[in-house]
Amino acid sequence: MSLAVTLSRAQEGVAAPQVMVEVHLSGGLPGTNIVGLPEAAVREARDRVRVAIQNTAFEYPNRRVTVNLAPAELPKDGGRFDLAIALGILAAGNQVPRERLDNCEFLGELALSGALRGVSGVLPALMRARARGRKVVVPRANAAEAALVSDADVRVADSLAEVCGWLRGVQDLPTPAAAPANDELAGDGPDLRDVRGQRHARRALEIAAAGGHHLLLVGPPGTGKTMLAERLPGILPPLSESEALETCAVLSVAGQAVEAGEWRRRPFRAPHHTASGVALVGGGSQPRPGEISLAHHGVLFLDELPEFSRHVLEVLREPLESGSIVVSRAARQSTFPAQFQLVAAMNPCPCGYAGDPRERCRCTPDQVQRYRGKISGPLLDRIDLCVDVPRQPLSELGAARGEHDEDSATVRARVMKARNQALQRAGRSNAEINTRELERDCALAPAERAWFEAALERLGLSARAYHRTLRVARTIADLDGGAASLARAHLAEALQYRRF
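Our numbering puts the first residue of the sequence shown at 1, with every later residue one more than the last.
No lab work stands behind these hints: they were computed from the structure. All C-beta atoms, glycine included, are put in the ideal place defined by N, C-alpha and C. It is possible that part of the hints are untrue.
Claimed, not checked - For each label pair, taking beta carbons as the anchor points, the in silico distance ranges come out as: (1) S462 with A270: 27 to 33 Å; (2) W451 with R329: 49 to 55 Å; (3) G28 with R168: 25 to 31 Å.
Given the sequences, and given the hints that come with them, work out the whole structure.
What follows is the structure, encoded as structure tokens:
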């Protein structure tokens with residue numbers, strides 16, 4: 001029979017749908033035709049594959065070759081199907097055994113010499129192949145990614161000749177070296193002990209880490225806003241293996257290298273304020289993840305928040321609520337995860353010195369209002385904590401470290417204890433609990449409820465702000481020992497962070 005079938009995986013967002021590569025040899029004028037909605041790069045595979053097979057000392061069939069990539073409605077791009085197509089052609093011509101292709105998947109682009117080149121999106125493909133219990137053959141260039149998926153049956157190869165030798169049973173293919181384990185607590189990152197003073201801002205940073213809350217830092221230039229933001233990943237709980245794989249899968253789809261020693265670290269992304277909407281949320285003719293997806297399970301830091309285009313900032317509203325982003329194009333829709341923690345920083349006014357004790361502000365009230373008006377109310381409503389980061393006295397900067405200048409490890413221990421209480425109670429962080437869980441876990445005594453509602457009325461806060469303030473108060477209570485009901489002190493501290 002001159003029909004052979006091999007398996008591969010396409011790339012669609014962070015999903016990796018299975019593609020069946022069917023190869024049929026028939027009579028007629030020699031030629032190769034690829035069908036099944038291939039894009040230009042896939043159509044060009046016929047020339048790459050033919051030359052690669054010939055340069056690997058195999059015979060390219062002198063017959064009509066039809067290659068079908070199924071399902072046809074699934075868009076296919078890139079050179080990721082080259083290896084599967086080449087093996088299908090060789091199996092259809094009885095040059096490699098068909099039975100060895102069963103229960104195997106193949107990914108990789110072929111060079112004209114027959115060497116295998118790396119492709120993007122290998123990690124999500126391996127995760128789904130593992131769930132199906134299949135072997136996967138990938139290029140050696142993707143070995144570092146392949147090593148991250150524990151218990152996956154993966155083989156790495158340098159060339160088409162090596163893969164064919166393995167299928168014939170005349171040589172073995174190595175497995176990738178195991179990835180380093182549990183490096184997430186290594187102490188070589190930015191440490192909170194480097195921040196002098198700023199007790200109020202450090203407290204807000206700890207609350208944000210404990211509850212997964214979004215944070216806005218407001219202060220003059222040079223007061224440590226960026227320094228504080230860079231230290232948030234160091235006090236967050238370590239990534240679980242599944243979270244780390246989700247994060248690395250986004251990097252893999254984006255074509256960015258996944259460092260073996262960094263894969264368990266929470267990402268920290270800091271796009272420039274000139275970044276476009278596509279750069280921030282993702283897009284392109286072939287949809288790729290943006291900064292919010294590359295910050296999945298980590299921190300997205302937007303410095304100089306009012307300098308971002310208002311249109312760019314408004315596109316953040318949906319992912320801040322849903323934890324994902326849908327990129328729609330004429331031919332397809334792609335969904336990328338975007339469960340990030342937003343930390344933003346801004347000056348209090350255009351000149352940066354409103355309220356500063358040493359520098360006089362040169363802005364008019366109208367200028368200050370226009371500057372702050374660049375950030376819409378709905379976006380501010382989604383930020384749980386707003387904290388001032390004032391200039392510190394020089395005497396405090398030069399003083400020896402005090403008892404409040406704790407290092408990241410000490411703060412992280414408290415954060416993890418508070419997070420564990422939330423996980424035991426609701427199975428998620430306090431920032432993610434829904435309204436029903438909020439009513440159950442944020443019980444208020446009648447006196448506290450009356451006081452809280454009166455305070456909300458005076459401040460003119462929205463219903464969303466009401467719920468978000470309760471979530472912050474719940475986090476403060478967890479840091480305070482995990483009281484079942486919220487005290488007035490917890491509510492008062494939560495309210496002070498909503499006064500922008």
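Comparing the hints with the structure gives:
1. S462 with A270: 27 to 33 Å: holds (29 Å)
2. W451 with R329: 49 to 55 Å: Since the Cβ atoms of W451 and R329 sit about 51 Å apart, the hinted range of 49 to 55 Å holds.
3. G28 with R168: 25 to 31 Å: Because 29 Å falls inside the window, the suggested range holds.
Every hint, counting from the list given before, is met by this structure.
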